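The sequence shown: position 284 = 284 (the numbering used here), numbered continuously.
Worth flagging that the hints you see were computed from the coordinates, not collected in a lab. It should be emphasised that the depicted structure is a prediction, and the values quoted were computed from it without experimental measurement. We put the beta carbon where it would ideally sit given N, CA and C, even for glycine. Accuracy of the hints is not assured; some may be wrong.
Capping the alpha-carbon separation at 20 Å, the derived lysine to any residue pairs in SDA-like fashion look like this [said to hold, decoys possible]:
(1) K40 / E63
(2) K79 / E104
(3) K247 / R224
(4) K216 / A189
(5) K51 / D34
(6) K79 / H44
(7) K40 / K216
(8) K40 / V254
(9) K79 / D53
(10) K40 / I278
(11) K247 / L266
(12) K40 / V267
(13) K216 / S181
(14) K40 / I52
(15) K252 / E77
(16) K247 / E276
(17) K51 / E77
(18) K40 / A272
(19) K79 / E110
(20) K252 / R233
(21) K51 / E63
(22) K252 / P281
(23) K252 / A236
(24) K51 / F109
(25) K40 / A189
(26) K247 / H44
(27) K252 / Y197
(28) K40 / Q273
(29) K247 / Q204
(30) K40 / L255
(31) K252 / Q205
(32) K252 / K216
(33) K79 / I119
(34) K51 / L22
Estimated spans, in silico, between C-beta atoms of each pair [what the hints assert, rightly or not]:
(35) Q273 / K51: 28 to 34 Å
(36) D190 / K40: 37 to 43 Å
(37) R253 / A301: 38 to 44 Å
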Amino acid sequence: MSTVYIIGAGPGDPGLITLRGLRCLAAADVVLYDHLVPLKLLTHARPGAEKIDVGVAAPQAVEQEAICYLIVEKAREGKTVARLKWGDPFVFDSGGSEALFLHEQGVPFEVVPGIPAAIAVPSYAGVPITYPGGGDTLTFVRGHEAQGKTRASIDWDCLARLDGTIVCYAGPEQLGHMLGSLLSHGRPADESAAIVYDGTLPSQQTIMGSLEEVAKTIAQSADRRPGILVVGRVGALREHLRWFDVKPLFGKRVLVTRPRDQAAELVERLEAQGAEPIVAPMIHIVPPSDYGPLDDACARAGTFDWIVFTSANAVDAFIDRLLAGPQDLRA
1 MSTVYIIGAG PGDPGLITLR GLRCLAAADV VLYDHLVPLK LLTHARPGAE
51 KIDVGVAAPQ AVEQEAICYL IVEKAREGKT VARLKWGDPF VFDSGGSEAL
101 FLHEQGVPFE VVPGIPAAIA VPSYAGVPIT YPGGGDTLTF VRGHEAQGKT
151 RASIDWDCLA RLDGTIVCYA GPEQLGHMLG SLLSHGRPAD ESAAIVYDGT
201 LPSQQTIMGS LEEVAKTIAQ SADRRPGILV VGRVGALREH LRWFDVKPLF
251 GKRVLVTRPR DQAAELVERL EAQGAEPIVA PMIHIVPPSD YGPLDDACAR
301 AGTFDWIVFT SANAVDAFID RLLAGPQDLR A
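Put together the whole structure using the sequences plus the hints.
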């Protein structure tokens, strides 16, 4: 029986997965991934690995119990399984219940922690969740909907009185209720608040203001995305600590038409400037059916005043043909 690796993929930016997570992913025969996991990470799976979308947005959504049995089935077939999960598997996620199920079934497993969204997303928005003078507590609150549940079981009176930062995983059906509950239970209306959508991604959007202002904005919004809500004095630092959404190409989608195996360097540079590269190769490099004209040009290369190449591909093809021929390149 093989091992199951329950891997935290981080909050969205594929570069935030750990090295340990990448190694386990690359070693897996089967990868089961959730819908919030960046698909770019799947390129690190080994060739031939089976990839199974088990997220709620999959073409056919898979129930949690069925996911657990599927993991066990694959492991008992002798396949190494990577269970790829958004954020950290043990922070407001089903990773704990999946690990317990594996234990009960006698299937060996390891947990590879990931960076929780509650930590990474505020950082990408320029909001440190702790700061000297920002209060003595840090509270994480789950606000995503569970089956058959429309309200989170939270002591709002206690939460409103805490002197510190509150970070909420805010589901769209509960965000307005959460903001209203904080206000109605005495949280200062002028306290800084931020809601961050698509955190750590080039499409990241931050709504910033006082708690009262953000509550009014959300009440009038038709946005149905989940987000990360940060409430606390630390929010005032965003004005000085923004670094991600002020990059020169932030929010821009750039089409890269180079062949896929030549696009990596440009893609990396675009991402470093905040862009979202979309790789869509428009050409395919193939050898000529007749090398005669190229061989003739190579033989007469020394007679030309200028040789103009229209692309790096042309340079590579010309040099390869020169090296394959009888000519002395020093001549």
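Results of checking the hints against the structure:
1. K40 / E63: Cα-Cα ~24 Å, so violated.
2. K79 / E104: holds (19 Å)
3. K247 / R224: Violated: K247 and R224 sit about 26 Å apart, past 20 Å.
4. K216 / A189: holds (11 Å)
5. K51 / D34: With a Cα-Cα distance of about 11 Å, the restraint between K51 and D34 holds, given a limit of 20 Å.
6. K79 / H44: holds (17 Å)
7. K40 / K216: Not satisfied, since the Cα-Cα distance of roughly 36 Å exceeds 20 Å.
8. K40 / V254: holds (16 Å)
9. K79 / D53: holds (17 Å)
10. K40 / I278: holds (11 Å)
11. K247 / L266: Roughly 16 Å between the alpha carbons, so the hint for K247 and L266 holds.
12. K40 / V267: Satisfied, since the Cα-Cα distance of roughly 12 Å is no more than 20 Å.
13. K216 / S181: Measuring from Cα to Cα gives roughly 13 Å; hence the hint holds.
14. K40 / I52: holds (14 Å)
15. K252 / E77: Not satisfied, since the Cα-Cα distance of roughly 45 Å exceeds 20 Å.
16. K247 / E276: Between K247 and E276 the Cα gap is close to 12 Å, so the pair holds against 20 Å.
17. K51 / E77: holds (16 Å)
18. K40 / A272: Distance ~16 Å between K40 and A272 Cα, so the pair holds.
19. K79 / E110: holds (15 Å)
20. K252 / R233: With Cα atoms ~31 Å apart, K252 and R233 exceed 20 Å; violated.
21. K51 / E63: holds (17 Å)
22. K252 / P281: holds (19 Å)
23. K252 / A236: Roughly 27 Å between the alpha carbons, so the hint for K252 and A236 is violated.
24. K51 / F109: With a Cα-Cα distance of about 19 Å, the restraint between K51 and F109 holds, given a limit of 20 Å.
25. K40 / A189: Not satisfied, since the Cα-Cα distance of roughly 41 Å exceeds 20 Å.
26. K247 / H44: violated (27 Å)
27. K252 / Y197: Within the cut-off at roughly 16 Å; holds.
28. K40 / Q273: holds (18 Å)
29. K247 / Q204: holds (12 Å)
30. K40 / L255: holds (16 Å)
31. K252 / Q205: At roughly 13 Å apart (the allowed maximum being 20 Å), Q205 and K252 satisfy the hint.
32. K252 / K216: violated (29 Å)
33. K79 / I119: Judged against 20 Å, a Cα distance of about 33 Å means the pair is violated.
34. K51 / L22: holds (15 Å)
35. Q273 / K51: 28 to 34 Å: holds (30 Å)
36. D190 / K40: 37 to 43 Å: holds (41 Å)
37. R253 / A301: 38 to 44 Å: About 42 Å separates the Cβ atoms of R253 and A301, which means 38 to 44 Å holds.
Comparing the model with each earlier hint shows violations of hints 1, 3, 7, 15, 20, 23, 25, 26, 32, 33; every other hint is respected.
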